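Asker: So you can see what is in the structure, the chains are spelled out below.
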Amino acid sequence: MDLDFKIILDWWPLILDGFKLTLVIVTGAILLGIPLGGLLAFGRQSRFKIISISATAFIELFRNTPFMIQVFLLFYVLPFYGIRIPANIVGIIGLALFGSVYYAEIIRAGIDAIPRGQLESARSIGMSHWQSMTNIVLPQSMRIILPPIGNQTLSLVKESSILSTITVQELTMSALIVQGQTFRPFEIFIVITLLYWGLNELIATSLRIYERRLKRRSTLVLAGTSSNERLS
Amino acid sequence: MNAVDEVQPLIELFGIRKTFGEIVALDGVDLSVARGEVVCVIGPSGCGKSTLLRTINWLEVPDSGQILLEGNPVGTVAKVNGKITSQSAKDLNSIRSRMGMVFQQFNLWPHLSVLENVTRAQKIVLRIPQKDAELTAYSCLSQVGLSDKTDALPDQLSGGQQQRVAIARALSMNPTLMLMDEPTSALDPELVGDVLGVLQKLAEDGMTMIIVTHELGFAAKFADRILFMDRGLIVEEGTPQQLLRNPETDRLKFFLKQLGEMNLILS
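Protein chains in written order, with the working numbering: chain H, 1 to 232; chain V, 1 to 267.
Quick caveat, the hints were computed from the structure, so don't treat them as lab data. Remember, it's a predicted structure, so these values are computed and weren't measured experimentally. Incorrect hints may have been included.
What the hints assert, rightly or not - Partial list, derived from the structure: chain V residues whose beta carbon lies under 8 Å from chain H:
hint, residue
1, Asn93
2, Ser94
3, Gly145
What the hints assert, rightly or not - Here are the simulated distance ranges between beta carbons:
hint, chain 1, residue 1, chain 2, residue 2, range
4, H, Lys49, V, Gly193, 46 to 52 Å
5, H, Glu60, V, Asn72, 41 to 47 Å
6, V, Asp205, H, Glu60, 41 to 47 Å
7, V, Ser94, H, Arg84, 49 to 55 Å
8, V, Asn72, H, Leu202, 54 to 60 Å
9, V, Ser113, H, Leu61, 42 to 48 Å
10, H, Lys49, V, Gly238, 46 to 52 Å
11, H, Arg213, V, Lys257, 36 to 42 Å
12, H, Arg213, V, Asn174, 54 to 60 Å
13, H, Lys49, V, Gly260, 24 to 30 Å
14, H, Ile83, V, Val61, 53 to 59 Å
15, V, Val61, H, Lys20, 33 to 39 Å
16, V, Ser94, H, Trp197, 31 to 37 Å
Each residue gets a CB set at the ideal place from its N, CA and C atoms; glycine is no exception.
Take the sequences, apply the hints, and build the full model.
Answerer: Right under this line is the structure:
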C-alpha cells in the first residue's frame, strides 16, 4: 500500500488544533486531578466518618468503572437533569475525576510510607497537622509519589482519546475527521500515534530528569531512616 | 528552689489512665515534677514508662486524668460546669512547643539539613525570623558540640550525633521541660557517652527533664528522683540512693537483680 503523507500537510491545521486541545485537556485534568487526588487522600484518612466514607466511595466508584461510561454519564445523562456542560469542559472534568482517584491512592501510599515517628516529632514540637504534612511528611513522600504519578499522567494522555466519543475534537477526533474526509486511515493514524508517543515520551523524560535531580539530593535520605549508626 | 516553685510544680499529672484495647498501659498515674528537677523513669519493658512520656506530650491521648504544665491544662480543659472538653488545636500546639521531646529513634527530618532541622519549627511554630532562628540554632548546636555539622544531612551523621541534633532541635524551642524517651537505647555503646554528656550538662544547667532510661548509672548520678514503674503504676519512687541501694518493694528488688545479673554477664 502506498502512503501519501501529502494529506497530512493539507490537514495539518486541523491536526494541530486537535493536538492543542488534547494538550489543554490533559493539562487541565492534571492541574485539577492532582489537588483533588490530594484532597481525596486526606479525606479518606479524615477522623470524620462522613468525609472518609464519601471519599472512599468516590474513589471506589471511579476506580472500578470504565472511563468511557463515566464520560457518557457526564455528557449524555446529566443533561436530563438540567445540567448541560460543554463537551470540552466535560472532557477536562471527566479526565480529572478519573485521574484523581488514582492520584489519591498514589498520594496515600506515599504518605503511609513515611515512618510514623516523622509526624510525631513534628507534632510534638508544636507544628499543626497541616504544617507537619507540608513541611515534614509530604516532601519526603515526593520521591515515592513521583514515579507512579508520572505513570498515571501518561495513562491520562492516552485515555483522553476516549473523549472523541463525546464530540470533543481532540487529537483522535481530528484523525477520525481526516480519515472520513480522505478515506485514508493509515497516514493520519500513523501521524497521531507518533504525536501521542512523542508527547508521552516528553513527559516521561522530563519526569525522569526531575526524579534524578531529586534523588541526587536525597540518596542517603530514605535508606537511612532505619539504620542508626553510620559514622561520617 | 524558692517557695513559689515549691507551691506550683512545673508539671502535674492527676490520675492518668490509658488503655490500648485490653491492655492497661497507665493505671491512674499521679506525678508532680518541680522546676529544675531531673526525674528518671525506670521499669521493665511494657510497664508504661514510654506511654507516660508520650501522654504528657499528648502524642497518646489518655482515657482519663488531667495534665497541667505550669498550671495550664494540656490536651483537655475543664470547663466551669465541670465538663471536660478537648483543648483547641492551636492551644495544644502552643503548649506542646514548650515541651521538648527526644525520641529513641531520633526522628530527625532526613530531607532537611541539620541547620534546617533546628530552625524549621522555630520559624513556623514560634514565627521567629530566619536570622534569629539561625542564631539560636547555632547556639543550641554548639551546646551539643555539633556547631561544625550545620550543613550535613542527618544521615551523614552517626547515631550519637543525630541524637544530639535532636536534642538541639528540642532546645531551640526554649522548652520549659524536656521529655526523653530512652534517648540512648538505639545507640552503639561507644556513642552513648556523648549523649549522656549532653544530658549531664543540661541537668547541671537546671533544665527540668523527665527521662525514660535503662542507664541506671546515669540515673544514679544525675537524677534528683527515680520513679520505678510496673504494670502502669509508679510502684516506688525516691532519690537514687534510696531506690537503687535500698529498694522496698519486691518488684523493684527483682528488677534490679535482673539488671544486675545482666550487667554481670556483660562485664
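Asker: Hint by hint, note whether the structure agrees.
Answerer: How the hints compare with the structure:
no. : hint                            : verdict
1   : Asn93                           : 5 Å, holds
2   : Ser94                           : 7 Å, holds
3   : Gly145                          : 14 Å, violated
4   : H:Lys49 - V:Gly193: 46 to 52 Å  : 51 Å, holds
5   : H:Glu60 - V:Asn72: 41 to 47 Å   : 45 Å, holds
6   : V:Asp205 - H:Glu60: 41 to 47 Å  : 56 Å, violated
7   : V:Ser94 - H:Arg84: 49 to 55 Å   : 51 Å, holds
8   : V:Asn72 - H:Leu202: 54 to 60 Å  : 57 Å, holds
9   : V:Ser113 - H:Leu61: 42 to 48 Å  : 44 Å, holds
10  : H:Lys49 - V:Gly238: 46 to 52 Å  : 48 Å, holds
11  : H:Arg213 - V:Lys257: 36 to 42 Å : 58 Å, violated
12  : H:Arg213 - V:Asn174: 54 to 60 Å : 37 Å, violated
13  : H:Lys49 - V:Gly260: 24 to 30 Å  : 52 Å, violated
14  : H:Ile83 - V:Val61: 53 to 59 Å   : 44 Å, violated
15  : V:Val61 - H:Lys20: 33 to 39 Å   : 54 Å, violated
16  : V:Ser94 - H:Trp197: 31 to 37 Å  : 55 Å, violated
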